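Asker: Fit chain R to the given chain E structure using the hints.
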Amino acid sequence: MLFGAPAAFLLIALVLPIVALYILKIRLRRIPVSTNLFWKQVYDEKPPRSLWQQLRHWLSLLAQLALLLILVLSIADPYFSWQSLQARRLVFVLDTSASMRASDIAPSRFEAASDAANQMLDGLRSRDQVAVVSAGSRPEVVLGMTGHVPTLRRAVDSIHLTDAESSLDAAIELGKQLIGDHPKGQVLVFTDGCAQRIDSEENPMDVKPSDMTATQPTSAASSESTLSATANKVDLTNIAVTEPAQTIEVQYRTFATTAGNVGLTQFQARRSLVDAIGYEILVKVRNASDQPVKGRLELELDDVAIDVIPLSLKPEEQWTRVIEKTSLEGGQLKASLTQITLDRTDANVTNNDSLANVNWLPTDDTAWAIVPPRVVQRVLIVSPGNLFLQKVFEANPLVQVSVRNDLPDEWPADTIVVCHRLVPATLPVGDVLVVDPETSCDLWDVGDVLENPIVTEQDETSALMTHIRMDNVLMPEARRLEFKPTFKSLASTVTGEPVYAVIHRSQGDCLVLSVNLERSDLAFRTAFPILVTNALSWFAGLPGELQPSISAGQMTSLSLGDDLADAEGPAEGATRDVDLASEEKIAPTVQRTLVSPSQQQFPLLGNQVGPLSEVGVWSVIESNMLTRESVAEALDERVLQHVAVNLANVNESDLRPEDTPPSSIGTSVMSGDWFTRPTWFYLIVVACVLSTLEWFLYQRRFIT
Amino acid sequence: MLFPADFLTRLEYLSIMSKRVFRGTLLAQRRTTQMGSGIEFSDHREYSIGDDLRYLDWNIYARHGDLLLKRFQEEQDLHVYLMLDCSRSMAFGQPAKFDLARHLTAALAYIALADLDRIAVVAYADGIVQEFPVTRGKARVLSLMRFLENLSTAGQDTNLARAVQGLLHRGTRAGLAVVISDLFDEHGFQSGLDQLRSRRFDAHVLQLHDPKEADPNLLGDVEFVDIESDSVRMVTVTEKNVRTYKQLFQQHQQAVRDYCANYGLGCTQSPSVVPFDTLVLNMMRASAVGR
Chain E
1 MLFGAPAAFL LIALVLPIVA LYILKIRLRR IPVSTNLFWK QVYDEKPPRS
51 LWQQLRHWLS LLAQLALLLI LVLSIADPYF SWQSLQARRL VFVLDTSASM
101 RASDIAPSRF EAASDAANQM LDGLRSRDQV AVVSAGSRPE VVLGMTGHVP
151 TLRRAVDSIH LTDAESSLDA AIELGKQLIG DHPKGQVLVF TDGCAQRIDS
201 EENPMDVKPS DMTATQPTSA ASSESTLSAT ANKVDLTNIA VTEPAQTIEV
251 QYRTFATTAG NVGLTQFQAR RSLVDAIGYE ILVKVRNASD QPVKGRLELE
301 LDDVAIDVIP LSLKPEEQWT RVIEKTSLEG GQLKASLTQI TLDRTDANVT
351 NNDSLANVNW LPTDDTAWAI VPPRVVQRVL IVSPGNLFLQ KVFEANPLVQ
401 VSVRNDLPDE WPADTIVVCH RLVPATLPVG DVLVVDPETS CDLWDVGDVL
451 ENPIVTEQDE TSALMTHIRM DNVLMPEARR LEFKPTFKSL ASTVTGEPVY
501 AVIHRSQGDC LVLSVNLERS DLAFRTAFPI LVTNALSWFA GLPGELQPSI
551 SAGQMTSLSL GDDLADAEGP AEGATRDVDL ASEEKIAPTV QRTLVSPSQQ
601 QFPLLGNQVG PLSEVGVWSV IESNMLTRES VAEALDERVL QHVAVNLANV
651 NESDLRPEDT PPSSIGTSVM SGDWFTRPTW FYLIVVACVL STLEWFLYQR
701 RFIT
Chain R
1 MLFPADFLTR LEYLSIMSKR VFRGTLLAQR RTTQMGSGIE FSDHREYSIG
51 DDLRYLDWNI YARHGDLLLK RFQEEQDLHV YLMLDCSRSM AFGQPAKFDL
101 ARHLTAALAY IALADLDRIA VVAYADGIVQ EFPVTRGKAR VLSLMRFLEN
151 LSTAGQDTNL ARAVQGLLHR GTRAGLAVVI SDLFDEHGFQ SGLDQLRSRR
201 FDAHVLQLHD PKEADPNLLG DVEFVDIESD SVRMVTVTEK NVRTYKQLFQ
251 QHQQAVRDYC ANYGLGCTQS PSVVPFDTLV LNMMRASAVG R
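Keeping their order, the protein sequence lines are chains E and R. By the count of the numbering used here, the first sequence reaches residue 704 at its end, each step adding exactly one. By the count of the numbering used here, the second sequence reaches residue 291 at its end, each step adding exactly one.
Each hint should be verified, as a subset may be incorrect.
Keeping only pairs whose Cα atoms sit at most 25 Å apart, straight-line, the calculated PhoX-like set for lysine-lysine is [what the hints assert, rightly or not]:
hint : chain 1 : residue 1 : chain 2 : residue 2
1    : E       : Lys40     : R       : Lys246
2    : E       : Lys284    : E       : Lys294
3    : E       : Lys40     : R       : Lys70
4    : E       : Lys40     : R       : Lys240
5    : R       : Lys212    : R       : Lys246
6    : E       : Lys284    : E       : Lys314
What the hints contain is simulated information worked out from the structure, not anything from laboratory work. As the structure is a prediction and not an experimental result, all values here were calculated from the model.
So that you can see chain E by itself, here it is in the shape it has in the complex (with noise of 0.2 Å):
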């Protein structure tokens, strides 16, 4: 026999004081009486103190030392060699994925997981080892090894689901790392087998749902085989998998029907390439079922309905439409699916009651997106007379033109100065757009003319170069600019001299397009409206036309402008709440937080953010936190992005696991053996069975 803890048998020192606590305990209680007269007729009958007595003492102590005896034992911890030898190491895996959430099991696919994963704690022998993984739309070791079932129990009951797709492949790699190379591991997942759909080919060595109706148990596992055997097949299925370095046995209990569901596999939208406050919605609904299905397609902006369109979709089918609508103002576009039904008009539907519910996911029945919003903008220009130029910047339905021939004595505010040709010697504050410059300025020195400048490398990652490309447009009679400050090139020659520029200053960003539009056939290219547009884009910060919408899970980057660090100080708006800070000397802190559709709120520590986890649309907002006697007060606050989390996700809406049938919960077979709980277990009942028989001799020797 060994012992995890034999510190404890110090403790054995406590029969000192109980021995001596024995003998001091004999000496007997004085009872004064009146008169012997009755009690001598009494113990007459038999002597007093028979030897019974006298043993029952004895009795006592060795009950007592026994009981403690055991006690210390079972601190001690037992247990035997084969005890041992005999412990698994087992990991639950338990997919919270958004498919989990449907209530085609009652009461959803995850509470039977879970419940399911709690009765097999139940049967856990004594020395096993269970780690739990919860596969999201990442693992994460809920809790590592351990034998303790109430904390298993606790960590089984406080993962919950996510709307993301799941990570199973993921969690049973990691399942396995934990387990190491133990004889005895195991990975119990605990799932509706709706993620193997797509990669079941990806491990071959794990057995998927998909294929354990066909295969049969083949190693040393095959003593829980019966799990495969169960009456439906299904749920609960024993595979043993044979890897080349160790033998890792993977489970899987599927808690899944052929429920069918019709959800929203994607949803994006985006600002038109052609309609300046237009935009366009690319909607995907999916009929995950084998029954034809009706029912309605509701668009809201900004919980305005602006459109309704009926859906009739046949089994299986994937319903895809891109819709144009216009907006100046944009807004959070929200896509619903309501009144679906069972199509009874078909055909080909199978009369049967029990298929009404055709939507057992409600997870996917909304999306949203987010439509990003137009700017009106003021553009100045300056230029002795072209007409493609005006043209570009009238045509933009954002854009308010005015025009000069003449440099202005004073320029304009809030205006984007666009000069061609005319150059003066500083360049305004503001955002500026330099077209052919004559003269030198401030920032560069004109030089000569170029000769047969062709565009040879452009910056594709630019936003200001997005859907550009000016390879082979004639530039004859660009001009050679030598800039002063730091610039970054957009567009150069094959012998690199920049054609156009972006130079940032701290009053304003500077656009400089070397180019003769008179002489060049860039003016006729539809790559100069849009350059002229993304420029636009650029100046009012915006960083494009799409703010797409991401899948549950997914991580996304931010597109806040600055950096934190840099937005740390005062921000604008909030003049009076600074000078009240800085009238008590306390400096006001800018704090943004990400906030989820359920209101959670996380600290924003860096542009990058997620898994986000949670459909709905998420907001970043920025506070500006004022500290008084360490109680954070929110001046202001005001929301810099939002961004659009679907589900979209084809594996997570189709609820169906393949060639899988209804299912039930399978009863837990972890162990059904005798002397399946620890030593001390067993020991301290032994204790309590000895603490009965102390209390009666006890009992019988004093009040009550």
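Answerer: Only chain R this time, still in chain E's reference frame:
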């Protein structure tokens, strides 16, 4: 203090109650059975030579020709002997049985003195320990109370028979003998009472016991100390032992009742927690019903 300030008041109340309610019963207005020259006719007896012819019933002689002499009940003072058990077993209990016994002695003595009877108090344990001589008149009640207050428990071997024997050897005139005791007498209470009966004493037994004596609530290994004999007994008390003890105690109480019933003696049994005046009233009420 054994006798509180209002003790005499309570005694006076008891005395009045005994005359109003229990007139002619236990103590008040009690006649002796002595025949003599009273005025209250008792019965007839046959004439014998030498009898006073004044008491010859001439009417009967005229009718039947029988010479019968009329007898009258003689009114004499009643002698009340209060035999107080002063053994150490009487000191048991809370309150002690001895305290209640002394209160009862004082109460009965007061009632008797108030009725112009004579009383004597005999404190006994192994034998007669102390004695308050025969006296009469309510004025003596204070000295009686002092006597009772100075009494203490003593002795190691209670013996009622020896005490009665001592009383009778003094040529004591017969009367009412009230034995106030717990009757835990290893020699038996019967022999003492037998002697009183044989000497034509009208005996009344007032037996006191502590509730713990009737129901000892104890279990386990204990060392019994007899407070009377100082003897020690180490025993293990079980529920069965306690049940047996209770049976024996009840048998003892029943034996006392049976004895008194058989020989026409008054008998009052009471736990020591009952107030003395209540107990006296109950005792007189019981005597009234019995007669």
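Asker: Run the structure past the numbered hints and jot down the numbers of the failing ones, going up.
Answerer: 3
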